[in-house]
Amino acid sequence: MLFELIDWKHKSTVLRDGTRIITWVSAGSAVLAVVFGLLLAGSEDSSGTNLEIHRWAGIATMVLSLVTVFTLRSGNRSLFRGLLLTTVFGVSFAGHYGAMLTHGEDYLTSVLPGADKTVEPEGETEADFVLTNNGALTPEQIQNLNVEVRTILAHNCYSCHGEAKMKGELRLDSKDAIMKGGEHGVVVVPNHPDKSELIRRISLPKGHKEAMPTKGKRLTEKEVKLLQFWIEKGAPWPDGKEKSIYRVADLAPRTPQVPAATTELNKPVDLFVNAYFQKNKGSWKPVVDDRTYIRRVYLDIIGLLPAPEKVDAFVADTRPDKRELLAKELLSQNDAYAQHWMTFWNDALRNDYDGTGYITGGRFGISKWLYASLLDNKPYNWFVKELISPNKESEGFIKGIKWRGTINSSQRTEMQAAQNVAQVFLGLNLKCASCHDSFISDWKLADAYAFANIFADTLLEINRCDKPTGKIAGTRMLYPELGEIEVNASTEKRLRQLADFLVQPKDGRLYRTLVNRVWAQLMGRGIVEPVDAMDNLPWSQDLLDWLASDFVTNGYDVKKLIYTIVTSKTYQLPSTSVKDAGDMMANDFKFTGMVRRRLTAEQFADAISTSFTPMYADTALALKKLPEDIQSRLPFPRAAFVKNDPFLTSLGRPNRETVSTGRTSQANLLQALELTNGSKFTETLKAGSKVWKSQYPTSDSLVTALYRKALGRSPVPKELAAAKKILGPTPSEEGIQDLVWAIALVPEFQLIY
Amino acid sequence: MNIQWNRREFLQRASAATMAALAAGAPISNLLTSCRGKAGANSSADTVILLWMAGGMAHTETFDPKAYTPFEKDMEGNRVLSTFKSFPTKLDGIHFSDGLQSIGQVMDKGTLIRSYVAADMGHILHSRHQYHWHTCYEPPQTVAAPHMGSWIAKELGPKNPVIPAFIDIGQRFTVGEAEELKAFHTAGFLGNEFGPFFIPDPSQGLESVRPPVGMDAKRFERRNQLYNELINNSPVGEFGSDYQRESLKRSMEQAYALLNSPESKAFDLSTEPKKSYDIYNTGRFGLGCLLARRLTEQGARFISVTTEYEPFKGWDTHENGHTRLQDMKKQIDGPIAQLIKDLDEKGLLDRTMVVLASEFSRDMMVEGRPDAKVKEQVAQPDILSDLKFYGMHRHFTDGCSMLMFGGGIKKGFVYGKTADERPCKTIENPVKIDGIHQTIYHALGIPPDTQYEIEKRPFYTTPDGKGLAVKELLI
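Protein chains in written order, with UniProt numbering: chain V, 1 to 753; chain X, 1 to 475.
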């Protein structure tokens, strides 16, 4: 603001040309502006060329303005004028870049018409090409233009003029319907955009009674132009099958050729990433050091911090393949592995030890089955099979949560099963289509019902937006090419068929979905995002396809997949800092390495437990829902096996009422409060401080031990000094509590670097 | 809002709330795309206090009394519409049930709604109707639906940066149906940041906002200083900043500011003058009202105070309805009336909306609604052989009473009507939950079509964005 104010002052200099005092004031304020500017730039972590330009232009302008003042004093009027003009130019130039910094690069263009940032559909460039075309359109161009048109209509019009609603008796979701028009007659007159009601309505100014759409955002200028162009060309519709307006990923598996090995790289993952880097101007940075690697891989595979002795031994180890050996060793710790990955699968399969539904017998846990499956590293095809075509122990997933009373028809347990199977295993959103034809994909209401019927003892009547339609959808797979369900078979048999069909190698989607989930867990971001929307564009199709194909070749072995990833050079790249959480999901995301992640609630609690003192007592374990021998398998009461509590909730453990496939790395106030004065953490600190005080007589030994356990390194001298300031020469209980609290709260402890 | 680009954001929408949100770190829901007008414009209220009558408050025994029939041994239950006498209130021709005299005296400051119609969800489960009341969505849902308080916290942020935007007073989660209660006491897909700040016991409220028990201010400050030193000296600082690290640091700073703020004294009920404290001190609910008032004075955004739901307790009367309601009324009458008076006297009622509601009503005979009766949960005799059967023991969804005060709500106004004979169902101006939510949002300046895209579908404050404010209730 100060900047702007000063810039404004500069401009007033121009208006009152020749005023000596003002020239002086401006020069003074220019100096001030530069000083403040430099201070501000130093206090923030903004950077980039705009800042550089702004900085140097600002300094140059200041110098200019000073020279101008002296010129004025010297009396050389024409030189003064020239310099003043240059200064004014400098002010505008520096000011412009300053504004770009504070208001964003688009601060001028954003107010121009047509500059609204809307997400343009794929294939935009093709349409641009079409728009400049003056002659007849080729069939391919017609196809592309048509896709564009339907995309615009789908995003802006279908919700009121589609299958669910038909306002003004008008539907715009098929060729026939568009040509037929609505209650007021035709809306499209081929070759005559000027006579077409559709164009007139969308071109009316916002707020006009007849302007369309009435709700939501207006069509962009470009979208209107495209529709005009389409009508001008005779509103052509391609023959034969319509191309989907949504991106639809291939179902079939694909095994891309692994790029040739280089002198530095020989693992397929790295070679695919190398090819990606070459195409996207990425580059290989040196891999992380041993301490960073061991902490990362421990947390990723078994969810625990490495003990200090393990870290020392690993650092001292001189074997060239020690990282591979470490990964192997961790993956062979079957219990520890299962105990960590339990959390991920509990979230995804919305399995919990407590929760709605249990009270009325409307819900079943699968914890025992899940633990055993992870312990055995059950091949993923079997894992999926047993969840879909379940035994008593694993039926909880497809049984869903049944609430007492009447419920929305899109939430019948059969429909829940259809939605959850589609989401978790196929990365496919069937939720919209279970109420009405989807507005975001080609899935229809009937598809969702036909799929849900596989889970149903009696065929479900189709309900549209919770209103019965009297229709029945039949029984079929979402992808009929995977197989045909026997309509009259028993539910049990249908589920067996469904499971068999889904896990076939030719169902590439199932395996792409899984490898992408595991990749996202280990790398902080999926190859496709969101991980539940597998039709989205991957940042490397080849890498995704190869991982899925390799996974099948390797016998659906999740541990092997993890091994492949964590031993790649790609995984060992330095972690990436993402400035804005929103950038993570951006369409133009560029992969540069693992994205930093926050410890999950469970990892955090376990890290406190191993580096300081156990957070949970045995009594906190949800024993009734867990394998009988779980206590003998746990090194200490790990947080994944305790019932959810306010502490874990605040750190991000979801209530598992719905499928949840990712945790956030974003911290928030309620969390900070829980950690700062919450009783759970405070009590833990108190209990642990007693033990530590008795074990460590000197502050030096205590601080060093704590740092090694918590952060895998010794404290640097400044840290030691700060810690000792609070502990005194001999540690007090309060001092220990405060030190542990502070260490647990620093980003180095809470994040995976 | 993104924390790295402070300057841009700062200039575009610098306000206290924004600063607070900045300090708390960018919320996860920024990843959600929103599509709506600007919140907070043309508002008539800044703060909402929800007084929750948990367990089903019988309208005929409280704010909509019908003919009184005293108990006689072996009487027919069907003869009883109200088990209390009624008395006139400050409003002409409007009577309340005995025991609510104090509230009756403040009715010139608010609106009485006698026509709230709860959802017909078949078999009654309290927590399910409560879920519906608080989120406007019937459970189960495909995505986690946010509590009304979370929507408000998300759209408006805290009013005072050091008072959490959504405070929930009085509910413990160690009772029956706790899991069902947890399912809606959540910000759902909006993200934890907008979740409730729980104060189960209002007399212990201070403990939630001061340094941990046993830690004096000096030590608290020293500890925080150490934390800052360790961050500054940590070698990973060289890796540069990222949103994860920045959000951690900022939320810690915010927590520190909150725990050290003078406003946190508002949580300390022991500083309330004795005379006033005694009026409110009818138990946890009454003290919750007092805490709500004190927090409102300091700039709270949304506060829920509940009589607490616990199966077969509180308003959930399956026997001894008459006797137990005497106690319930004692709990609420004085504190609620005093809350309204205090807010009014302090000039806060104009911008503070107080809403009293319950998930449904109760009746002696009808379980569910007259045209869709459902299986009863606890057998009730037709002949009242004992005083314990005298009361409204069945769940009734077709006509319930609500109160609304302040924040743009009409004064001395009555809306809706129920029949004077059984079934005492709504016969005029039915009000549904989406209307209630939208009325509250309207007063706060939150547009009715507020929505976020979650899993690519639009999720509105009220289903399909269809709900509309009940304009008749507003000034």
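Hints may be right or wrong, so weigh each one.
Here are the computed distance ranges between Cβ atoms for each label pair [as the list claims (entries may be wrong)]:
(1) V/T458 - X/K417: 26 to 34 Å
(2) V/K718 - X/G214: 50 to 58 Å
(3) X/E421 - V/T469: 37 to 45 Å
(4) V/P190 - X/K466: 31 to 39 Å
(5) V/K215 - X/K417: 53 to 61 Å
(6) V/D442 - X/K466: 47 to 55 Å
(7) X/G122 - V/T469: 57 to 65 Å
(8) V/K165 - X/K417: 31 to 39 Å
(9) V/T458 - X/K466: 26 to 34 Å
(10) X/D350 - V/H184: 30 to 38 Å
Taking lysine-lysine pairs in the DSS-like style, the calculated list, with each CA pair at most 25 Å apart, reads [unchecked claim]:
(11) X/K182 - V/K643
(12) X/K182 - V/K402
(13) V/K175 - V/K444
(14) X/K456 - V/K444
(15) V/K399 - V/K165
(16) X/K90 - X/K73
(17) V/K693 - X/K218
(18) V/K399 - X/K218
(19) X/K417 - V/K215
(20) X/K373 - V/K167
(21) V/K175 - V/K267
(22) X/K425 - X/K66
(23) V/K625 - X/K218
(24) X/K313 - V/K690
(25) X/K432 - V/K467
(26) X/K411 - V/K686
(27) V/K267 - V/K279
(28) V/K243 - X/K456
(29) V/K217 - X/K375
(30) X/K73 - V/K165
(31) V/K718 - X/K218
(32) X/K182 - V/K624
(33) X/K85 - V/K467
(34) V/K444 - V/K506
(35) X/K410 - X/K373
(36) X/K218 - X/K313
(37) V/K579 - V/K385
(38) V/K590 - X/K456
(39) V/K215 - X/K456
(40) X/K66 - X/K85
Simulated from the structure, these hints should not be mistaken for laboratory data. Positions of the beta carbon are idealized from the N, C-alpha and C atoms, including for glycine.
Results for each hint:
For V/T458 paired with X/K417, a C-beta distance near 43 Å fails the hint of 26 to 34 Å. In this structure the supplied range 50 to 58 Å is violated for V/K718 paired with X/G214, their Cβ-Cβ distance being about 29 Å. Judged by the Cβ atoms, the range 37 to 45 Å given for X/E421 and V/T469 holds: they are separated by roughly 39 Å. Range check, V/P190 to X/K466: Cβ separation about 36 Å, and the 31 to 39 Å hint holds.
Checking the proposed 53 to 61 Å range against V/K215 and X/K417 shows it is violated: the Cβ atoms sit about 34 Å from each other. Range check, V/D442 to X/K466: about 26 Å between beta-carbon atoms, so the 47 to 55 Å window is missed. The beta-carbon spacing between X/G122 and V/T469, approximately 21 Å, falls outside the hinted interval of 57 to 65 Å. The supplied range of 31 to 39 Å is met by V/K165 and X/K417, whose beta-carbon atoms lie about 33 Å from each other.
Separation of V/T458 from X/K466 is about 32 Å and conforms to the stated range, judged on CB atoms against 26 to 34 Å. Hint check: X/D350 to V/H184, Cβ distance near 47 Å, so the stated range 30 to 38 Å is violated. At most 25 Å may separate the alpha-carbon atoms for a hinted pair to count; X/K182 and V/K643 meet this at roughly 13 Å. Taken as a hint, the X/K182 and V/K402 pair is honoured in the structure, with Cα atoms around 16 Å apart against an allowance of 25 Å.
Straight-line distance between C-alpha atoms of V/K175 and V/K444 comes to about 18 Å, which keeps the hinted pair within the 25 Å bound. As the CA atoms of X/K456 and V/K444 are separated by approximately 16 Å, the hinted pair is consistent with the 25 Å bound. Straight-line distance between C-alpha atoms of V/K399 and V/K165 comes to about 32 Å, which puts the hinted pair past the 25 Å bound. About 35 Å separates the Cα atoms of X/K90 and X/K73, which puts this hinted pair outside 25 Å; it is violated.
Of the pairs offered as hints, the one joining V/K693 and X/K218 holds, with about 22 Å between alpha carbons and a cut-off of 25 Å not exceeded. Distance hint between V/K399 and X/K218 is unfulfilled; the C-alpha atoms sit about 55 Å from each other, more than 25 Å. In summary, the hint linking X/K417 to V/K215 is not supported, as the alpha carbons are separated by about 34 Å, beyond the 25 Å threshold. A distance of roughly 36 Å separates the Cα atoms of X/K373 and V/K167; the hinted pair therefore is violated under the 25 Å criterion.
A threshold of 25 Å between alpha carbons decides the hint, and for V/K175 with V/K267 the separation of about 50 Å lies outside it, so the pair is violated. Using a Cα cut-off of 25 Å, the hinted pair X/K425 and X/K66 holds, with the two alpha carbons roughly 12 Å apart. At most 25 Å may separate the alpha-carbon atoms for a hinted pair to count; V/K625 and X/K218 exceed this at roughly 45 Å. Between X/K313 and V/K690 the CA atoms are separated by roughly 42 Å; this puts the pair beyond 25 Å, and the hint is violated.
Note on X/K432 and V/K467: the hinted pairing holds, with a Cα-Cα distance of about 19 Å set against a maximum of 25 Å. Between X/K411 and V/K686, the direct Cα distance comes to roughly 54 Å. Violation of the 25 Å bound is thereby established for this hinted pair. Among the hinted pairs, V/K267 with V/K279 is consistent with the structure: their alpha-carbon atoms are about 18 Å apart, no more than 25 Å. For the proposed pair V/K243 and X/K456, the alpha carbon gap of about 21 Å is at most 25 Å, so the pair holds.
Pair hint V/K217 plus X/K375 does not hold up; C-alpha atoms about 47 Å apart against a cutoff of 25 Å. Restraint check for X/K73 and V/K165: not satisfied, since their Cα atoms lie roughly 58 Å apart, outside the 25 Å limit. Only pairs whose Cα atoms come within 25 Å are accepted, and V/K718 paired with X/K218 is accepted, the gap being roughly 22 Å. About 21 Å separates the Cα atoms of X/K182 and V/K624, which keeps this hinted pair within 25 Å; it holds.
Restraint check for X/K85 and V/K467: the C-alpha separation of about 44 Å exceeds 25 Å, so the hint is violated. This hinted pair checks out: V/K444 and V/K506 have alpha carbons roughly 24 Å apart, not beyond 25 Å. A threshold of 25 Å between alpha carbons decides the hint, and for X/K410 with X/K373 the separation of about 35 Å lies outside it, so the pair is violated. Our distance criterion of 25 Å between C-alpha atoms is broken by X/K218 and X/K313, whose separation comes to about 44 Å.
A distance of roughly 41 Å separates the Cα atoms of V/K579 and V/K385; the hinted pair therefore is violated under the 25 Å criterion. Our distance criterion of 25 Å between C-alpha atoms is met by V/K590 and X/K456, whose separation comes to about 22 Å. Between V/K215 and X/K456, the direct Cα distance comes to roughly 18 Å. Compliance with the 25 Å bound is thereby established for this hinted pair. Distance hint between X/K66 and X/K85 is fulfilled; the C-alpha atoms sit about 9 Å from each other, no more than 25 Å.
In this structure, the earlier hints numbered 1, 2, 5, 6, 7, 10, 15, 16, 18, 19, 20, 21, 23, 24, 26, 29, 30, 33, 35, 36 and 37 are contradicted, and the remaining ones agree with it.
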